[in-house]
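Colleague: One-letter residues, chain by chain:
Number of protein chains: 2
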Amino acid sequence: MSTPSSTDVTPATVAAVQLALDGRWHALRDEVRARDDFAHLRVDPDTGVESYRAAVGEMLVRLADEGHAVHGFPVAVGGRGDIGGSVVSFEMLAYADLSLQVKSGVQWGLFGGAIQALGNAEQHARYLPGVMDLSLPGCFAMTETGHGSDVQSVHTTATYDAATGELVIDTPTESARKDYIGGAARDARMAAVFVQLYSGGERHGVHAVLVPVRSDDGEVLPGVEIVDDGHKEGLNGVDNGRLSFHGVRVPRENLLDRYGTVAEDGTYSSSIESENRRFFTMLGALVRGRVSVSGSAVGAAALAQTIAVRYGEARRQFAAPGSDEEITVLDYLAHQRKLLPGLARTYAMRFAQNELVEMLHDVQTTREAGGDVDEKRQRELESRAAGTKALTTWHATATIQACREACGGQGYLSENRLGQLRADTDVFTTFEGDNTVLLQLVAKGLISGYADDFGHLDTLGTVRFVADQVLDTVAERTSLRQLAERLRAVAPGRDEEDVRDRSWQVKLLDDREEHTLDGLVRRLRPARDKGISPERQFAIFNGAQDHLLRAARSHLDGLVLDAFVRAIDACTDPSARALLGKVCDLYALSLIEEDKGWFLEHGRISATRSKAITAEVNRLCLELRPHARALVDAFGIPEAWIGAPIATGAEQRRQDEARAHAASLA
Amino acid sequence: MSTPSSTDVTPATVAAVQLALDGRWHALRDEVRARDDFAHLRVDPDTGVESYRAAVGEMLVRLADEGHAVHGFPVAVGGRGDIGGSVVSFEMLAYADLSLQVKSGVQWGLFGGAIQALGNAEQHARYLPGVMDLSLPGCFAMTETGHGSDVQSVHTTATYDAATGELVIDTPTESARKDYIGGAARDARMAAVFVQLYSGGERHGVHAVLVPVRSDDGEVLPGVEIVDDGHKEGLNGVDNGRLSFHGVRVPRENLLDRYGTVAEDGTYSSSIESENRRFFTMLGALVRGRVSVSGSAVGAAALAQTIAVRYGEARRQFAAPGSDEEITVLDYLAHQRKLLPGLARTYAMRFAQNELVEMLHDVQTTREAGGDVDEKRQRELESRAAGTKALTTWHATATIQACREACGGQGYLSENRLGQLRADTDVFTTFEGDNTVLLQLVAKGLISGYADDFGHLDTLGTVRFVADQVLDTVAERTSLRQLAERLRAVAPGRDEEDVRDRSWQVKLLDDREEHTLDGLVRRLRPARDKGISPERQFAIFNGAQDHLLRAARSHLDGLVLDAFVRAIDACTDPSARALLGKVCDLYALSLIEEDKGWFLEHGRISATRSKAITAEVNRLCLELRPHARALVDAFGIPEAWIGAPIATGAEQRRQDEARAHAASLA
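Protein sequence lines, in the order shown, are assigned to chains A and B. One point on numbering: in the UniProt record's numbering, the residue at position 220 of the first sequence is 220, and numbering is uninterrupted. One point on numbering: in the UniProt record's numbering, the residue at position 357 of the second sequence is 357, and numbering is uninterrupted.
By construction, these hints were calculated from the structure, which means they are not laboratory data. Any given hint might turn out to be false.
Identical copies carry no separate label here, and so any pair may be met within one copy or between two of them.
[What the hints assert, rightly or not] In silico EDC-like pairs for lysine to aspartate or glutamate, Cα to Cα no more than 20 Å straight-line:
#1 611 - 518
#2 611 - 514
#3 611 - 546
#4 582 - 569
#5 611 - 594
#6 611 - 593
#7 611 - 595
#8 582 - 594
#9 611 - 497
#10 582 - 623
#11 582 - 497
#12 611 - 498
#13 582 - 593
#14 611 - 623
#15 376 - 273
#16 582 - 22
Produce the entire structure from the sequences given, and follow the hints as far as they go.
Modeller: This is how it looks when you write it as structure tokens:
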């Protein structure tokens with residue numbers, strides 16, 4: 001593979017790489033970038049919770065006034081009908097203030113999204129215009145104090161009273177409080193409340209009901225109890241709170257009833273007979289929230305890396321041998337190791353995220369247009385959303401942390417943004433689905449081959465599932481397999497072979513996925529033996545839980561590499577392709593290096609090759625070092641949005657001054 | 001190895017384990033635990049920077065009034081002369097508020113410590129009483145904006161003016177500002193300023209000078225410029241700021257002159273001829289700060305784990321198969337994997353920290369008593385302080401993060417403390433020495449065998465050093481080697497052997513250390529070839545930088561295991577020994593598992609054995625699960641200090657209520 005020298009990377013290269021990273025919605029990204037007011041959507045970090053919330057509230061009004069909300073809503077109610085665009089424009093807010101971003105996500109993505117996905121046409125017409133223009137501030141009340149991951153077990157009830165035609169909402173215990181609800185503590189007038197629906201003395205499973213919680217002038221309504229969640233590690237501009245309901249009555253028409261409705265006489269009906277299936281269909285319709293969080297994580301990682309790489313290029317420390325000139329810290333291998341494999345991973349995550357957004361857009365656009373979406377495709381979307389969100393959010397946590405450490409004391413000052421980025425994004429790994437639970441969902445999809453009964457995302461649902469299903473055939477393999485076959489030209493894995501050979505890298509990841517999955521199925525199979533006790537079933541499942549998580553990760557690593565390869569294929573600029581190829585090598589090889597224990601343990605690589613991989617990661621760090629700035633520039637974050645003084649010239653100015661001073665003494 | 005059933009772990013066991021963890025200063029720990037007012041030393045997290053600083057200022061006065069400061073200072077000036085005790089009592093403050101802890105560390109550890117370590121007896125008598133009773137609030141001005149890690153290159157100057165008998169302090173450029181200086185922004189009246197000392201037209205290297213910065217009524221003095229560092233990611237109760245000096249004059253007597261002094265006529269003299277050696281002797285005298293940060297990291301990790309384990313024992317999620325009862329989250333293997341190996345590591349870190357504090361105490365007590373301290377012993381202390389601090393602070397960052405994720409949304413609420421613990425401790429990995437730089441210091445000590453010229457901690461000092469020294473003999477091996485030899489009874493590494501065999505674990509870590517170090521020396525040796533260019537020298541060093549860091553870590557892992565084994569040996573309670581043995585197994589095996597790629601690559605373990613290690617880590621997690629609460633109880637954090645509602649009964653109460661409600665419906 002040829003090595004582009006630094007002169008090979010021109011502004012045109014950067015532009016071509018940016019186009020690749022921007023993906024299908026590149027024009028929308030440019031539209032958002034052109035908004036110079038966007039840089040001012042930030043809040044003094046020393047603001048207390050109440051004034052931070054107030055500032056975010058005002059900025060949200062501004063965003064609404066400027067039409068930021070319209071992207072994802074139906075054209076019929078004044079939206080743009082651009083579902084992918086709504087996710088992308090949301091992602092761009094990560095460069096402004098993450099509280100503002102999450103606040104907008106609550107209003108337009110979760111609250112508005114619930115009405116859009118679960119409501120009928122009349123409800124759309126009645127509520128969505130107010131959602132978009134913020135005249136109806138709302139919140140999304142799903143999670144309960146006692147039930148975060150296991151949403152199907154929520155304990156809040158809505159009981160239909162046929163005598164009055166009303167639903168009566170109740171919070172039976174403290175565990176059943178709706179908790180961490182963004183918008184609840186201060187702004188929301190209405191909540192989309194997820195309840196167990198009862199009518200005619202029967203339970204019909206989880207449904208969502210619109211419940212007014214505050215009057216137009218902000219007074220909490222009778223029967224509604226709101227407790228502030230108070231100060232949080234981050235996202236303090238979002239007013240999270242706890243909602244309880246005590247005999248609160250709303251008209252029957254407030255039930256979001258696309259998937260299940262109650263007639264005036266209390267008769268329940270639904271187009272989906274199985275309660276379980278209905279539940280997962282509803283959850284599946286809400287997948288956009290998870291995709292949005294994933295995008296935000298990628299955006300935050302890109303911003304942190306932009307700051308850390310720029311500082312690493314300006315900062316110098318320790319004089320070079322035989323010289324008075326100090327060495328630029330990014331020239332140290334240890335510093336490159338801290339930043340560059342993570343940067344390659346952000347590229348990989350962005351490409352995977354772009355594919356996820358496209359998939360979401362295509363599936364949901366088809367459905368909104370009344371078209372038919374193959375159930376398998378819907379399940380794939382859900383699985384990919386779950387898995388991508390887990391990878392991107394964990395990546396954001398790890399890489400922003402690495403960036404903070406790489407910037408030392410400067411990284412700890414709030415003016416340089418890294419600390420707040422870390423704190424604000426920290427909750428991403430556990431909200432919109434706890435990552436560990438999400439990986440189990442992915443693994444289950446792989447085991448079941450996206451079978452019809454797929455969907456119950458709890459861990460023990462998996463046990464039952466495994467007990468019920470035929471496990472002899474593993475799911476159809478992913479596209480990685482096809483890629484592996486397409487790329488496979490030479491026999492893989494010989495020591496003399498180039499570790500930068502893409503087909504070898506792909507084959508290695510594909511092998512790991514296949515082997516891990518096969519082993520998992522073998523370990524879980526005894527759980528379906530006849531007469532096995534529930535305790536033993538649990539023990540089998542639990543003993544293999546780390547294997548299950550590994551299987552999910554192996555699968556996802558493959559999907560991500562696949563997306564990276566496709567993005568390179570789609571790029572037509574030769575120097576951009578060459579640069580992206582190296583970044584992809586660094587991504588793939590550092591991934592393999594990280595898990596070299598597994599590859600060695602399973603005879604997939606030799607000791608010699610394992611050492612060669614480490615050497616090659618070091619070599620790629622050195623090769624990409626001259627292009628580090630180009631690589632972060634290609635994220636296309638407008639200069640005015642970056643904000644951190646260490647990334648915008650302060651360090652360089654100081655270095656220049658110190659050098660001039662030294663010269664004046666000499 | 002016998003498995004203690006849960007009934008084997010009695011309150012007496014917990015007490016015995018606590019005694020082992022408490023170490024030599026257990027009585028002092030109990031003395032601090034008995035202070036019930038200690039629980040109230042915390043600040044509302046929604047407090048703005050200024051009021052947080054004010055609150056911390058008041059709490060510090062209270063600590064001073066109660067004699068918290070006296071431990072480490074000489075008896076001659078009213079202290080207790082208990083150096084180890086000063087570190088231990090500092091560590092205990094981690095359970096209160098970390099801003100308060102760091103603020104106390106600035107005043108008594110850094111500012112007071114500089115006067116104590118670098119000043120003469122007259123200076124002790126003059127300043128230390130005011131340091132202890134807070135009538136002289138000070139700060140420690142070493143780090144500059146442009147020089148964090150490379151302290152030897154500070155640019156601030158102190159020029160002796162023989163005409164007036166004064167030292168003139170100057171900040172020549174913005175890079176030379178003293179930065180991140182705790183106490184500078186608000187409270188400090190005096191600064192211990194690290195400067196390049198000039199007299200008679202010559203530079204004499206780095207020295208410390210006491211410079212008044214504010215008047216008694218808090219006005220900034222003429223020629224002193226103070227800029228607030230503003231809001232930070234954490235530790236916002238500490239008033240960090242930037243100090244610049246413009247022709248500030250102080251009497252000659254303000255030079256802290258134990259290691260170098262200027263006579264009235266400007267003649268410079270020092271008991272240490274080499275400037276380099278003098279500098280590192282001074283730095284070495286200040287090692288207590290690093291030891292203290294390390295202790296604080298261990299305390300913060302222990303507190304986070306106490307919270308997460310208690311919540312994990314109360315929290316239930318997802319019904320068990322064939323049951324309505326939900327499963328306690330700590331019963332899931334994935335949850336155990338998140339928390340228990342980290343808990344074992346905190347045990348290991350505490351034992352290593354205890355040994356470090358003893359070593360510090362013994363070395364410095366001997367020296368303060370006028371006794372002779374072997375230079376090699378001093379170097380070992382510095383190396384161990386650097387390495388232990390790197391390990392403990394990275395561990396704190398990782399494990400508090402894991403605890404936050406394990407507590408989900410609850411972990412994100414400030415009332416549950418984990419977010420603030422993370423944010424407050426984050427800077428520990430880069431202050432008091434950047435961890436990556438510290439590991440290089442450790443590695444260099446290993447290569448040079450603590451040779452006389454040891455000490456220059458910059459990375460390129462290493463290059464020069466390597467070029468100058470004979471590298472054919474690696475340093476004497478650590479005590480791990482002796483332990484390995486003592487324990488070595490059977491041939492190591494056979495697959496049928498018990499992976500819980502301590503001698504095998506020790507041998508494995510010892511082998512890795514030896515092999516890594518030997519390889520490093522081979523890689524660096526060409527740097528001392530005659531006629532080699534500086535560029536090539538740097539390239540050789542830089543290309544091996546990851547190897548260098550690995551060598552340091554390998555060495556330190558051995559020291560830590562060694563400390564753990566010694567702590568078990570010293571424990572006389574049989575059930576405590578058995579429990580500690582399992583925790584040590586989990587520590588050692590999860591460490592080996594984490595680096596199994598290396599052990600496989602180098603033929604130290606077979607693939608079969610590698611898989612057996614993973615299985616054994618899982619088994620140990622299941623075996624230790626019933627004792628998780630006992631293990632965190634043994635940290636001995638008083639109930640009133642824990643503070644987090646999720647750890648002090650709130651979740652259990654909710655579970656009980658929900659269960660009673662379900663029963664009332666049935």
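Colleague: Does each hint fit the structure? Answer for all of them.
Modeller: Results of checking the hints against the structure:
Taking the closest pair of Cα atoms, residue 611 and residue 518 come within 20 Å of each other only across two copies (16 Å); inside a single copy the shortest separation is 28 Å, beyond that limit. Only between protomers do residue 611 and residue 514 lie at most 20 Å apart by alpha-carbon distance; the minimum there is 18 Å, versus 24 Å within a single protomer. Proximity of residue 611 and residue 546 under a CA criterion of 20 Å is satisfied inter-copy only: 13 Å between copies versus 27 Å inside one chain copy. Only within a single protomer do residue 582 and residue 569 lie at most 20 Å apart by alpha-carbon distance; the minimum there is 14 Å, versus 52 Å between protomers.
Taking CA atoms no more than 20 Å apart as the test, residue 611 paired with residue 594 passes in both settings, with 12 Å inside one copy and 17 Å between copies. Both within a single protomer and between protomers do residue 611 and residue 593 lie at most 20 Å apart by alpha-carbon distance, with minima of 9 Å and 18 Å respectively. Within a single copy, residue 611 and residue 595 get their C-alpha atoms as close as 13 Å, and across copies as close as 14 Å, so both meet the 20 Å cut-off. Only within a single protomer do residue 582 and residue 594 lie at most 20 Å apart by alpha-carbon distance; the minimum there is 18 Å, versus 28 Å between protomers.
For the homomeric pair residue 611 and residue 497, the shortest alpha-carbon distance inside one copy (13 Å) is at most 20 Å, but the shortest distance between copies (28 Å) is not. Taking the shortest alpha-carbon separations for residue 582 and residue 623, only the intra-copy value of 9 Å comes in at or below 20 Å, while the best inter-copy value is 46 Å. Taking identical chains as interchangeable, the C-alpha atoms of residue 582 and residue 497 lie at most 20 Å apart only when both belong to the same chain, with a minimum of 17 Å there against 44 Å between chains. Only within a single protomer do residue 611 and residue 498 lie at most 20 Å apart by alpha-carbon distance; the minimum there is 13 Å, versus 29 Å between protomers.
In this assembly of identical chains, residue 582 and residue 593 lie within 20 Å of each other by CA distance solely inside one copy; the values are 16 Å within and 30 Å between copies. Taking the closest pair of Cα atoms, residue 611 and residue 623 come within 20 Å of each other only inside a single copy of the chain (18 Å); across copies the shortest separation is 36 Å, beyond that limit. For the homomeric pair residue 376 and residue 273, the shortest alpha-carbon distance inside one copy (19 Å) is at most 20 Å, but the shortest distance between copies (78 Å) is not. In this assembly of identical chains, residue 582 and residue 22 lie within 20 Å of each other by CA distance solely inside one copy; the values are 19 Å within and 51 Å between copies.
Comparing the model with each earlier hint shows no violations; every hint is respected.
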